[in-house]
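**Q** For the record, the sequence lines run as chains A and B. Read in order, the letters of the first sequence are residues 6 to 609 in this note's numbering. Read in order, the letters of the second sequence are residues 6 to 130 in this note's numbering.
It is worth saying that the hints were derived from the structure and are not from the lab. Hints are supplied without guarantee of correctness; some may be wrong.
Calculated Cβ distances over 10 Å to all of chain B for the following chain A residues [to be verified]: (1) K25; (2) R513; (3) I597.
Computed, partial: chain A to chain B, Cβ under 8 Å [claimed, not checked]: (4) E268; (5) S269; (6) A277; (7) V278.
Result set (DMTMM-like, lysine to aspartate or glutamate): computed pairs, CA atoms no more than 25 Å apart in a straight line [unchecked claim]: (8) B:K122 to A:E522; (9) B:K109 to A:E280; (10) B:K23 to A:E280; (11) A:K143 to A:E205; (12) B:K23 to B:E105.
Note that beta-carbon positions come from the ideal geometry of N, C-alpha and C, so glycine has one too.
Read off the chains here:
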Amino acid sequence: MESPPDINVLIVEDNPFDAKIITELFRDIKSGAAFRLSFADTLQKAGEAVHGPTPPDILLLDLNLPDSYGPETLGRAETMFPDLPIIIMTGFYEEHLGLDLIKKGAQDYLVKGKITGDWLAYSIKYSVERAKIERKLKQREGRLETILGKTPDGVMVARRDGRLLFVNPGAEVILGRKREELLKHPFSMEADPDKAVQTELRRLDGKKIPLEIRTVEITWDAEPCRLMILRDLSPVRTLESSRDEFISMISHELRAPLTVVKESLDLVYDGAVGEVTDRQKEILKIGIDNSMRLNRLIDALLDITKLEAGVMPLDITKTDLNLLLEETGKDYEHLAGERKVRLAKELPKSPLFTYCDREKVREVIVNLVSNALKFTPDSGTITLSLRPWEGEALICVEDTGPGIEAEDLPRLFNKFSQLGGKRPPGAKGTGLGLAICKGIIELHGGRIWAESTPGTGSKFYLLLPMHPFDAALKGVIRREIAMAMARNRDFCVIDINFSGRALRGHPRAAELCARAEAFLKSNMRNSHAILKREEGDFTLVIANADPREGCRACTYVEKGLADLAGLAPAATGDLTMMLSYPGDFRDEETFIKKLAAARENINA
Amino acid sequence: MPKILLIEDEAQHILLVKIRLEIRGFEVAAAQTGADGLKAARAVTPDLILLDLMLPDMEPAEVIRGLRAVAGCRHTPIIAFTGLDAFEVHRRALNAEIAEFIPKPYETSELLEKINKFFVKPLGN
Numbered sequence: 006m007e008s009p010p011d012i013n014v015l016i017v018e019d020n021p022f023d024a025k026i027i028t029e030l031f032r033d034i035k036s037g038a039a040f041r042l043s044f045a046d047t048l049q050k051a052g053e054a055v056h057g058p059t060p061p062d063i064l065l066l067d068l069n070l071p072d073s074y075g076p077e078t079l080g081r082a083e084t085m086f087p088d089l090p091i092i093i094m095t096g097f098y099e100e101h102l103g104l105d106l107i108k109k110g111a112q113d114y115l116v117k118g119k120i121t122g123d124w125l126a127y128s129i130k131y132s133v134e135r136a137k138i139e140r141k142l143k144q145r146e147g148r149l150e151t152i153l154g155k156t157p158d159g160v161m162v163a164r165r166d167g168r169l170l171f172v173n174p175g176a177e178v179i180l181g182r183k184r185e186e187l188l189k190h191p192f193s194m195e196a197d198p199d200k201a202v203q204t205e206l207r208r209l210d211g212k213k214i215p216l217e218i219r220t221v222e223i224t225w226d227a228e229p230c231r232l233m234i235l236r237d238l239s240p241v242r243t244l245e246s247s248r249d250e251f252i253s254m255i256s257h258e259l260r261a262p263l264t265v266v267k268e269s270l271d272l273v274y275d276g277a278v279g280e281v282t283d284r285q286k287e288i289l290k291i292g293i294d295n296s297m298r299l300n301r302l303i304d305a306l307l308d309i310t311k312l313e314a315g316v317m318p319l320d321i322t323k324t325d326l327n328l329l330l331e332e333t334g335k336d337y338e339h340l341a342g343e344r345k346v347r348l349a350k351e352l353p354k355s356p357l358f359t360y361c362d363r364e365k366v367r368e369v370i371v372n373l374v375s376n377a378l379k380f381t382p383d384s385g386t387i388t389l390s391l392r393p394w395e396g397e398a399l400i401c402v403e404d405t406g407p408g409i410e411a412e413d414l415p416r417l418f419n420k421f422s423q424l425g426g427k428r429p430p431g432a433k434g435t436g437l438g439l440a441i442c443k444g445i446i447e448l449h450g451g452r453i454w455a456e457s458t459p460g461t462g463s464k465f466y467l468l469l470p471m472h473p474f475d476a477a478l479k480g481v482i483r484r485e486i487a488m489a490m491a492r493n494r495d496f497c498v499i500d501i502n503f504s505g506r507a508l509r510g511h512p513r514a515a516e517l518c519a520r521a522e523a524f525l526k527s528n529m530r531n532s533h534a535i536l537k538r539e540e541g542d543f544t545l546v547i548a549n550a551d552p553r554e555g556c557r558a559c560t561y562v563e564k565g566l567a568d569l570a571g572l573a574p575a576a577t578g579d580l581t582m583m584l585s586y587p588g589d590f591r592d593e594e595t596f597i598k599k600l601a602a603a604r605e606n607i608n609a
Numbered sequence: 006m007p008k009i010l011l012i013e014d015e016a017q018h019i020l021l022v023k024i025r026l027e028i029r030g031f032e033v034a035a036a037q038t039g040a041d042g043l044k045a046a047r048a049v050t051p052d053l054i055l056l057d058l059m060l061p062d063m064e065p066a067e068v069i070r071g072l073r074a075v076a077g078c079r080h081t082p083i084i085a086f087t088g089l090d091a092f093e094v095h096r097r098a099l100n101a102e103i104a105e106f107i108p109k110p111y112e113t114s115e116l117l118e119k120i121n122k123f124f125v126k127p128l129g130n
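Assemble the whole structure, with the sequences as input and the hints as a guide.
**A** Encoded structure:
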């Protein structure tokens, strides 16, 4: 067995008689590690020894030395040798100091003349080991302290009564106050133990800071406390608002000059400012076509940006997917016929209903079919199919084109992904079509993917959930909450019940419902989402609107509907109702519950 | 000859709309700021006003108030160019005075159609 290494003991003792007694004690030790002794008769000499060739592992310290006297000697020694374990040797008359010395960091205290050699050996060995453990603990604590000290997040521990017990530098920076100040006063902050809460902090210096607060219940020094983690959201907000600004910038700044370009060309082309020859017209037409193409590109860019930012407006209505595919097929029959491409349809006999943004889903299918047509050679076949699949609708657009290489499949739906020069001549797209398709389908909680056998053809699949109204609404509200949270904004949901009370038994009910829809779609065009539940019944989501704005919207809609139906204003009182975020609800489940309760109330 | 006042800050846009409208027999006065628009309104007493709601010098509500204060313009129909929808305009309390909205950017054909509505006899090409 390997023997434990020697222990170097430095005895700091100015009384040669005492030093001799201690030396003899060591001689009595029968077994165990060898102790190598060295001596110093002042603290200063001890300091020199510690930095000498054989630094000690432990100090045996007499408190009364020529250069230091009394209990303070321990404090001085600890400052001089922060990593060394220290055992105090005391006289009989100092025995009462013992406990106090341990509290102040001594490993042990031994009363001279009362100890045996074995006792001394144990005490030294234990002290050295204990000191090693303590050092490790200190190291670990130091690591945690570094992490807590350097993280930009604020970390605080608060007692139930709000008194802070711990504050890291990150929290000082975020709150704009010194630790000492923070620890003095009780601290109250809106927080929810289960969720991250986003809030705005108004600091003493007047600066407003968007904050995310996470809270966890913990036990701190045996007391139930709350651990709070604060995150400054300013950089995130800046990013989001610059993205929103970008959206409105491209929609206006790029489009306005383009409108001017096209109108200028149109004016000349139309002959409004003088005779134009056919040859000139032909050239102008190129300009007009390309300005239109640029406009489409801006549209696509705007769409993808809105999809990515989560601000794509939605117009959700009950849709028969079967009919949608039937219609799309018809629209392309002529074009396919010209190319002698067969357009086959494998559709179920009965309708398949879901609530979705019909025009956007149509856009996706149109995109896939027109892609298929682009790539399918003459006398090829395109097959459009639809079938229910595990409670969802599976749509497939299959072509007999050249197919897609396996390595290209994953990036097919990326923005501007050019697939290795396999584009047929003349077919210039925006490079955004499939990325937009993916965004739209995912917005509906669906999935899009492609399969292909090179040389045989490709299959593009869409899997769309078959949503009842409330599920679709829930999805819309979930998205809106996420967005409102990220931007720290309000929004309102307005539920319109025009068909029921107002129009019951009305001879022109159907016509009025249609007019109501037209009214909402033109006058509430900036609504973030318009959902049509039934004929005449709608739910609108109005972004950036506090409850007051929401009420104004309600009044506006009620008045508009009353006007178009010729109803007395009194009859339209409960035509609409409003729920606002975050006042009435903070999650979609609560929203749905409150909406159901409110609807029941109205119908009662 | 029916007179139209066009208040819009982009000079090139003014030129193009002017050409279109003049071909159709309208007399067109134009201004690039709200203040000039009010001056022009006083000078020409238009039969119709085309107003961009995003002017560099004045808020739309202010321009409309100013136009309504001009003796001959108290009831002159206003067609507004805007990126806002009707409810948004209502939110800003503008809608009462605006007869028609044309979302920007717009096609000239759309503009002509809306203008023609205000003249009993549609004007030929």
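**Q** Tell me if the straight-line CA distance from B:K109 to A:E280 falls inside 25 Å.
**A** Violated. B:K109 to A:E280 sits at ~30 Å, over the 25 Å cutoff.
**Q** Under the criterion of a CB-CB separation shorter than 8 Å, is A:S269 in contact with chain B as hinted?
**A** Holds. Min distance 6 Å.
**Q** Can you verify the interface hint for A:V278: is its Cβ closer than 8 Å to any Cβ in chain B?
**A** With a closest approach of 6 Å, the A:V278 hint holds.
**Q** Given the hint that B:K23 pairs with A:E280, test it: the Cα-Cα distance must not exceed 25 Å.
**A** Holds, at roughly 19 Å.
**Q** Per the stated criterion, does the least C-beta distance between A:K25 and chain B lie above 10 Å, as a non-interface residue requires?
**A** holds, 97 Å
**Q** Is it the case that A:I597 keeps its Cβ farther than 10 Å from each residue Cβ in chain B?
**A** holds, 25 Å
**Q** For a C-alpha distance cap of 25 Å, please report whether B:K23 and B:E105 respect it.
**A** holds, 19 Å
**Q** A:R513: least C-beta distance to chain B exceeds 10 Å?
**A** The claim stands: A:R513 keeps its Cβ more than 10 Å from every Cβ of chain B (closest is about 23 Å).
**Q** For the pair supplied as a hint, A:K143 and A:E205, confirm whether the alpha-carbon distance does not exceed 25 Å.
**A** violated, 37 Å
**Q** Does the nearest C-beta of chain B fall within a distance shorter than 8 Å of the C-beta of A:E268?
**A** holds, 5 Å
**Q** For the restraint on A:A277, tell me whether the closest CB of chain B is nearer than 8 Å.
**A** Constraint on A:A277 satisfied, holds at 5 Å.
**Q** Please work out if B:K122 and A:E522 have their alpha carbons no farther apart than 25 Å.
**A** holds, 23 Å
Against the hints set out earlier in the document, violations occur for numbers 9 and 11.
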